[in-house]
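K.L.:
Chains as they are written, first to last, in our numbering: chain A, 1 to 201; chain B, 1001 to 1284; chain C, 2001 to 2736; chain D, 3001 to 3454; chain E, 4001 to 4175.
To be clear, the hints were calculated from the coordinates, so they are not data collected in a lab. Keep in mind that this is a model prediction, so the values were computed, not measured. Some hints here could point you the wrong way.
Selected chain A positions facing chain B (Cβ under 10 Å, derived; list incomplete) [said to hold, decoys possible]:
#1 72
#2 112
#3 114
#4 119
#5 124
#6 128
#7 134
#8 136
#9 138
#10 141
#11 196
#12 201
Ideal Cβ placement from N, Cα and C applies to all residues, glycine included.
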Amino acid sequence: MYCFLRLSVLLVGLIVSAGSYAVNAVQPLTTADDLGPKVEQPIEFPHDRHAGDAAKGGMQINCMYCHTYARRSIVAGIPPLQKCIGCHQSIESVRETPRIKKLFEYWEAKKAVPWKKVHDLPDFVRFNHERHIQRFVFAQNKPVQEACGYCHGDVKTMTVARRQKPLSMGWCVSCHQKDHPVDATSTKTTHGPNDCWQCHK
Amino acid sequence: MSITNLLENWSDFRQQHPSEDRPHREYKWAMSIDLDACTGCNACSVACYAENNLPVVGKEKFAHGHSHHWIRIERYWDNDGREFADQGAQFLPMLCQQCESAPCETVCPVGATNHTADGLNSQVYNRCVGSRYCNANCPYKARYFNWYDYPTTDNVWPEPMNQQLNPDVTVRGKGVMEKCTFCVQRLTVAKSNARSEGRSVLDGEVQTACQQVCPTGAISFGNLVDPSAKVGKQWKQQQVDLNKDKQAKDVTESAAKLRGYRILEELRTYPSVMYLEQLRESAI
Amino acid sequence: MIENSFNRRGFLKVLGWGGATVALSGCGNTSVEDGKEFVTSYVQTADYIIPSIGTYFNSTCAQCNAGCGIMGRVREGRVLKLEGNPKSPINNGKMCGLGQAGVQAHYNPDRIREPLLRTGDKGEAITWEKALALINEKVGGVKAENVAFLTGGVSGHVKALLKNYLDALGSGHHYVYEAVAPSIMRAANKKAYGVEMPRLHLDKAKVIVSFGADFLGAWISPVHFSQQYARFRKADKGERGVLVQVESKMTLTGANADRWLAIRPGTEGILALGLINALAAAGVSVPGDVVGAVKEYTVDRVSKDTGVSAEHIGKLAALLKERSPSLIIAGSAVEGYAHGSQNATAIALLNQVLGNVGKTVEAPSSVPFPQMAPTAGNRFALQALNDNMAQDKVKVLFSYGANPVFTAPASMKLKENLKKVPFKVVFAHYMDETAVEADLVLPLNSALEDWATAMPEYIAEGAQLSIQQPLMEKLYPGTLGMGDILLALLKQRRPEEYKGYEDFYSYLRSAMVSIKGALGGANEDDDTFWDTALSRGVVKLVGAPVNISSNASAKGLVVPAPFVEDSAYPLHLIPAVSASMRDGRNANEPWLQESPDPLTTIVWDSWVEMHPKTAAKLGIVEGDIVEVASRSGAIKAQVYVFTGIHPDVISMPLGYGHEAMGRYAKGVGVNAFKILDPIFDKETGELAMHETRVKVSKAGQRVVIVKDEGPAGGNQMGRKIAVRMSSSKVNLSEEV
Amino acid sequence: MGKDIREDIAWAQINKDVLKSLESPRKLYWVILFIALAMIGVAVGCEIYQYTGGMGVSNKNNSHVWGLYIATFIFWIGMSHSGTLLSAILHLMHADWRKPIYRFAEAMTTFSLMTAGLFVLVHLGRLWQVYYVMPYPNERWVWPNFQSPLVWDMFAIATYLSSSVLFLYVGMIPDLAICRDNIHAGWRKKLYTVMSLGWEGTDRQWRNFRITYLTIACFLIPLAVSVHSIVASDFAMSNMPGWHVTSFPPYFVAGALYSGCAAIITLFIILRYVFRFEEYMTLPIMKKLVRLTFAIAMVWTYLNLIEFASVWYGHDQTAKDQLIFKATGPYAPFFWAMIFFGSILPLMLAFKRIQTHLPILLVVSILLNVGMWLERWMIIAPSFAHGHYPWTWDHDQWPSLVQWGIVFGSFGWFTLLFMVFCKVFPSVSMYEVKEMVYHRSLALKHKPAVKGDY
Amino acid sequence: MSKRHLLALFNDFDEAVAAIAELRAANIKGFDMDDLILKSPIEHPEVEKVLGDKPVHVQWFTLIGACMGGLLAFFLISGAQANFFSQIKGGKPIVPLPPDFVLTYEMFILGGVFITVLGFLICAGLPAKRSSLYSTKVSEDQIGILVKGDESALAAFKTIFTKHKALEIQEEAGK
């Protein structure tokens, strides 16, 4: 008789714990870093050199100096070749390095550099850089590299950028729900929008 | 977090929608269509094809009822046996009514269609599994299913026609339900711009494709929450209340001169599209 | 705003082309895909180019001759959608479906991509140098009077260049041909008002009586009229305008009328005179000679002749008397008869009697640059050309902007006559029926990749020059704009005069800049003027006012008795001009094929409209395939039965039945142009489009008509869906 | 009338007879199996065509978004109910005549549910995304929409299917032990050994078995009712005219029991012949079954009438229009065929001669099911053809051959599963027949035989 | 002291009942009535009655399983609706009770059935290895009585069984 009771208690415990795990579970994929594949670029652009900390030999250039569209467009954009050349034509010291030579080859041929997308969301997703930059950098005065880093990871330590975050829907939502929405009709600014159509197109 | 959240905010989660207690806070997109101004010219429909990447299905598939026109012009006659249609036709642009209490939303098994904070009836193409329950339950039959794979196997946009496709709107593959979005891609941009400037979207700042093209200006579109919006004024003047399924016009004799009505309101769908009745002169 | 137009053209390059291919896979992948696609990137860019944000450039719509201003949304170098240009007074930012489909003309997969020279039965791709040299050789080898240039309506700088080229050749044979054009009405207006195209102010009228003018659908400038119509219906002050449409076949405008009066075909003039008589009787002051001329047109007689009930004639006369000003419009249904000019004159007389001239019928302004003023096309031109070809007077024929092989009635035997012309050059977008017959086919740029100017024939006030500018890089390197071709041809003939112009763009710019004073840019420097002009898309011209005569006179007013029955061919055929198909030049744009005809909701096919009474008499039901036979030929099509047509009439839409042109147009429907009888307006010699008599017989099969309406037809089955109320209940001016 | 079963059958004979069905059925068995396979081939071909080409090939359209798939889905779900009726309800009632026939009825429940489940899949526009309907924690952080009756369906069917399988299996354990004891080699031996779980028929096992079996039976009855009510709410919860009817859930349940009973009659006759079960599936049992079917047919008829009546006297003009359309429009032949097969034809079953006339019963039972299939189709197609919105009415829609092919093939799929089951597992419950024989002979011993028929 | 097993097979159920009754009455030393196991081809409550009152616990499993199934379903579903990307569905609250109750009901049954079967297996001691003393006859038409007792008791068992016309008496092979 007692054996049955003990068994039942065990059973109940099992079910309850499994259930509460399922209800509470934060999917491991959604918070952990998820390193993307290495992407071959036509020119191995050293982000660390341009944006890295001065202590590590970087020049601490603001992300938006080159990715200039991030604050006013849904895409961050790749700078036009003109911009690279604008600086590099007056930096004689590295003028003859292979990467810069390649850069000038493109310039002379008037061909855009065929950069590959590193953070390539599925086509039905609308991610608006402008809103995030406006919100975090301009409204909340977060450092640019931190704000960009929420999604792009620590780019300033990389050469060619590589995806660090999973960029899955749950990962996005986990941030959008930081302050829990108790009311789906609300557009409270404490959490990101909760609408499907905010991101799905 | 979860069960405590559920219990703590129980009353919030039990809140029904639409309700007077919880009005839309910032945006409630709505439309009004003046049937007296609508001439039935189909410009809105073609504009919608251009804006929203609608596939042209061709004669055979059209014949089978596989057409995609998110906004369609319906043409009604007086059916009282008269010899001639001597009072003309009644044209009615029918599009997704963006119901506040949309019958399609509750029945979708995967939750691909939901209600947004802006009062839109969203349809997430990628989430859709194609059970088509939503269209079964839509009294207006304003939803359109991708019966075939139009972009690929059907090659609806042969090179270079595909260059015309609007990159802001997904091209839907087979097996997905789709419908009018009130040009949500335009709304999102307008909202984003307004937010960056720390304000709400102004009336007239954003237009739907059908509204923008309409030669007679029969379609007005805007934010019902905004008291200065034309749409809101129209709704108010016509005494059409978003959250009611019977309007003044249906109830009181004195309101009989109002033109505003919503279609199949008695099904309690609370549509976001108000129509203004067509008029006909009685002196001739 | 365009800051630097010289750079601008470079930015129109197609970039981020990934965008659309990506969009194609829209619903497939759910996962993040890194490193598979390219990022949009530029070599150089301007500040106003921001990836993913559309830039708008103004241009001019070339889908019909109305000349609406358009605004193309350009993203990553691709034009995505057209909107109306709000700065254009013609359409004020609005558009029609036909105009929307302009992008499909541009991106059409069936466009010709390089010059083709006929060798035997096949076309051989050749270079432009060779093609132009060949033209030079052929033109040089014949006498100047044997060179003929057939065009559609032309205006602007292309017209000026064309004239210069013809002058350089010494040829005066410029045939301006439009298959569907109100040319009889122009002549009648000229007679009645002293101007061909008086400006109609629908918005100022309280009553409009339109005799078959489909001004909301396909007549002259429908988007413009639609806007006026909206203000006419819902004026800022005053009451709602009343529209009465008198016609034998319901048009889109008729479907929007407060009262649609089905009239026996061709008796519109009689009704107009009857109305004058009734008005005179009701005390409206009518000049004496007019009273005399119309006094026979009693209500009873008019009612008997026209089939319009006496009650309605009386009500209409009362309405016209009560509510002033009114506007009487004569449309294509009026002028389509052998007595079309008389009909139109009678209707003009009604306008004059009602005192509308100067109020709702106003004078146009003159055009300051006549060399660019629009040359309106007519059908007589093709007749003349055809006669010349038949007599072997044409050795080199150029064809541009027209598709005569498609639009000419079979009785003209145009195709046979064309074979007599030794060298035919066709400038075309598609391998249409005329291009197929050509010896040399020269592919044109689409309207969205070409420079041009246009001067619309109809604009409410003043005059304007509309600028058409490229919205994106040419899709195919092998196409050329008409301006560029003409310039190249002129360089062959007058090298010293034109050698300074590298291309048509530089010609256009310097031509415009040289007259900037007249274009309102007197105080601006050249670049500012040019950039402003481009960014606005339209340039206002100041013209001198023109007098319009309003003298009501019965001089020359002869309206014949109604038609006599023809037992062999008992029915009248009305070839309908639909808003999207027009004369068929846009048939290869699939959006237009798929957008339902407003009245019948039929798609992708032609049809025969028929009144239920007629159908019952012939034992026909909807979907029956019938043979429609005239004296000039027979075609087969499906029958659609509805009550928007007079029982004496059947109607078929024009524009369908292409035998060539492209995948969307070819084989869709039948060509109603073919069976038109060679009957001409007595005064102008124009083909009388509505005069063809036909007989209808069942051809045996029955099909299910492909249309949008369901089995309930236009019946709401008691549901409250489209609701209508009496306008007397509502005061629209109180509404928001 | 004769006895349900002979009391003097030797128990060993029972074992022998039933076990023989696992070995050597009549040739007809193989014919049926072959035909079933061919039918499945047709359906698989159609499905591949539809999967690659898009749902359009089934010739549904924006008005008729659902077609035969959903109709046949309901049909199969309905079919499953009578297994529960026979095995669970009659078990609780101690109606021991169910014992020789409940096993195959129970199997029918399981396999028709499996067939029905396939239709949900076939019906989806994006079958490859079907996992979106499953409630499991995922990296998208989204769940299915628990408000959707389709999700209820999924829950209900999953519950019903797994419970039915368990019920079937638990009830079969003693028989599996018999099989294990009588078959001495091959994969069957292994299968039965594993599946019988070491059953020895000890008193402890029997004691727990009895209570377990009873408990599951108790659960299954409300479950079965809820399953078809939920399937009914796919329709009743929507606002389509003709669907939004309060009597839909009981109406569906009655229809379900009805078609199930008819199907049992059909399968009864086939199994009786194919596996030579004349001793067990006796005519008196058939007679009871037929009477049950007749009663349910009348219940169904009544509910049908009450549905029409409530629509007719209701205030919903749209629904009334719909009803009139159903009875007079292009679907009228099917509608009246449904009335005839569903309500008129079963009147034949009231005649004693027919109650045991197997050839007639075979035909009638199949026709009853045709009627019940038509009922499901007549729920779906006319409502779509003639809904709320006249502009989108579509009276001409006719399912394409692809739809018919898949519907056709589903019968093959069911037959295949069912026939294979009957060949692998004892389709007559041996131990329960023994109980039946035992109790009847006991009764005979203690009571004088009642004269005549009852 | 070593225990031995003995299986006797009977054709007649009444005899088997009588044999059990006699075993009980005989009060054999080295034999406990709880060690008597009846093996039968059919469910046979009358015969089992003579074994005395033996409680069945499956229903407890049922109760717990059903309650847990229902509770879990309700909280899982309402929790999922409220916590994960909660979305409004036309006219309904975010956590709507009727649908959740429908699902709760289904899961109540599912839990009940599954845990009942689990309980059955536990209570009935299944799956089990078959005991060495088993005859296929007990799954056919004979009733078996398996007794376990000291070696000393074997003779007494045999006597009683033979007296009641046991068809066959199997004895466990000696150690």
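K.L.:
Indicate, hint by hint, whether the structure satisfies it.
P.N.:
We went through each hint and held it up to the structure:
Given the 10 Å rule on beta carbons, the hint for residue 72 of chain A holds: about 8 Å separates it from the nearest Cβ of chain B. For residue 112 of chain A, the interface hint is violated, the least distance from its beta-carbon to any beta-carbon of chain B being 18 Å, above 10 Å. Residue-level restraint check for residue 114 of chain A is violated (minimum Cβ-Cβ distance to chain B is 19 Å; threshold 10 Å). Of the supplied interface hints, the one on residue 119 of chain A is violated, with its beta-carbon coming no nearer than about 17 Å to a beta-carbon of chain B, more than 10 Å.
For residue 124 of chain A, the interface hint holds, the least distance from its beta-carbon to any beta-carbon of chain B being 5 Å, beneath 10 Å. For the restraint placing residue 128 of chain A at the interface with chain B, the shortest Cβ-Cβ distance is roughly 6 Å, inside the 10 Å limit, so the hint holds. Taking 10 Å as the C-beta contact cut-off toward chain B, the hint placing residue 134 of chain A at the interface holds, the least distance being around 5 Å. Given the 10 Å rule on beta carbons, the hint for residue 136 of chain A is violated: about 13 Å separates it from the nearest Cβ of chain B.
Taking 10 Å as the C-beta cut-off, the interface hint given for residue 138 of chain A holds, the closest approach to chain B being about 8 Å. Contact between residue 141 of chain A and chain B, as hinted, is not supported at the beta carbon level, the nearest pair being about 15 Å apart and thus beyond 10 Å. For the restraint placing residue 196 of chain A at the interface with chain B, the shortest Cβ-Cβ distance is roughly 4 Å, inside the 10 Å limit, so the hint holds. The interface hint given for residue 201 of chain A is met, as the beta carbon of that residue sits about 5 Å from the closest beta carbon of chain B, less than 10 Å.
Hints 2, 3, 4, 8 and 10 from the list above are not met by this structure, while the remaining hints are.
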